[in-house]
Amino acid sequence: AQSVTQLGSHVSVSEGALVLLRCNYSSSVPPYLFWYVQYPNQGLQLLLKYTSAATLVKGINGFEAEFKKSETSFHLTKPSAHMSDAAEYFCAVTTGHKFYFGSGTKLNVKP
Amino acid sequence: DSGVTQTPKHLITATGQRVTLRCSPRSGDLSVYWYQQSLDQGLQFLIQYYNGEERAKGNILERFSAQQFPDLHSELNLSSLELGDSALYFCASSPAGLAGGPNEQFFGPGTRLTVL
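First to last, the protein sequences are chains A and B. First residue of the first sequence? That's 78 in the numbering used here, and the numbers climb one at a time after it. First residue of the second sequence? That's -10 in the numbering used here, and the numbers climb one at a time after it.
Keep in mind that the hints were calculated from the coordinates and are not lab data. Incorrect hints may appear among the rest.
[To be verified] Straight-line alpha carbon distances no greater than 27 Å define the calculated DSS-like cross-link-like pairs of lysine-lysine that follow: (1) A/Lys175 to A/Lys126; (2) A/Lys187 to A/Lys135; (3) A/Lys145 to A/Lys126; (4) A/Lys146 to A/Lys183; (5) A/Lys145 to B/Lys(-2); (6) A/Lys135 to B/Lys(-2); (7) A/Lys187 to A/Lys175; (8) B/Lys(-2) to A/Lys175; (9) B/Lys(-2) to A/Lys183; (10) A/Lys146 to A/Lys187; (11) A/Lys183 to A/Lys126; (12) A/Lys175 to A/Lys146.
[To be verified] Derived CB-CB ranges, DEER-like: (13) A/Thr132 to B/Glu71: 38 to 46 Å; (14) B/Gly47 to A/His87: 45 to 53 Å; (15) B/Ile49 to A/Pro188: 24 to 32 Å; (16) B/Ser69 to A/Lys145: 28 to 36 Å.
[As the list claims (entries may be wrong)] Partial list, derived from the structure: chain B residues whose beta carbon lies under 8 Å from chain A: (17) Asp29; (18) Gly31; (19) Phe96.
Source: prediction; values computed, not measured. C-beta atoms are modelled at their ideal positions from N, C-alpha and C, and glycine is treated no differently.
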């Protein structure tokens, strides 16, 4: 079975600061991992995905994530936060049909 | 715009009633997923269909059912509604088949269900 844990339901950073959103997964087989972003009153949009190619994955809007098998982690980072990054971020894992989503992290960006 | 459409956008109904939510996947996508998002439960996977057949089941109540039609659109039926069923219901589609591994899901804008 797979599962996802997102540490920190709320993260607050200043504009221009580093964004780090944590995701740890549990999977008995090599997983496929995803990060999604949800803006208020909208559906989820894919930021990036890991599918066993390069361990450092670059996504849209300057985000990237690194797959670390030894740490079972797939943390999302962005070097410099922008006000428009304020949203809720979800990490997800799958090895086949079912997708398991984390509980989400709300990112607040302070001016 | 993800290419996934959901209707209606909002639905207000009373306890005990039955509603149907509709989803049209992206052109060419064979898989449809349904999710429930509520404040206390987060994003919960309900059910997946692939090319008309049920493929995976999550935390779907017995009062809920779904189907995928030959034209690949899908409907989620919620019956004997309770106050706790108030939530955002998302549909997602994916071109995933078994070959090449899972692909990402494309989410619709959701249907907000309010049960009074």
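Comparing the hints with the structure gives:
no. : hint                            : verdict
1   : A/Lys175 to A/Lys126            : holds, 16 Å
2   : A/Lys187 to A/Lys135            : holds, 24 Å
3   : A/Lys145 to A/Lys126            : holds, 14 Å
4   : A/Lys146 to A/Lys183            : holds, 25 Å
5   : A/Lys145 to B/Lys(-2)           : violated, 39 Å
6   : A/Lys135 to B/Lys(-2)           : violated, 33 Å
7   : A/Lys187 to A/Lys175            : violated, 36 Å
8   : B/Lys(-2) to A/Lys175           : holds, 25 Å
9   : B/Lys(-2) to A/Lys183           : holds, 24 Å
10  : A/Lys146 to A/Lys187            : violated, 33 Å
11  : A/Lys183 to A/Lys126            : holds, 19 Å
12  : A/Lys175 to A/Lys146            : holds, 21 Å
13  : A/Thr132 to B/Glu71: 38 to 46 Å : holds, 45 Å
14  : B/Gly47 to A/His87: 45 to 53 Å  : violated, 26 Å
15  : B/Ile49 to A/Pro188: 24 to 32 Å : violated, 43 Å
16  : B/Ser69 to A/Lys145: 28 to 36 Å : violated, 46 Å
17  : Asp29                           : violated, 11 Å
18  : Gly31                           : holds, 5 Å
19  : Phe96                           : holds, 4 Å
Checked against the numbered hints listed earlier, the structure breaks hints 5, 6, 7, 10, 14, 15, 16, 17; every other hint is satisfied.
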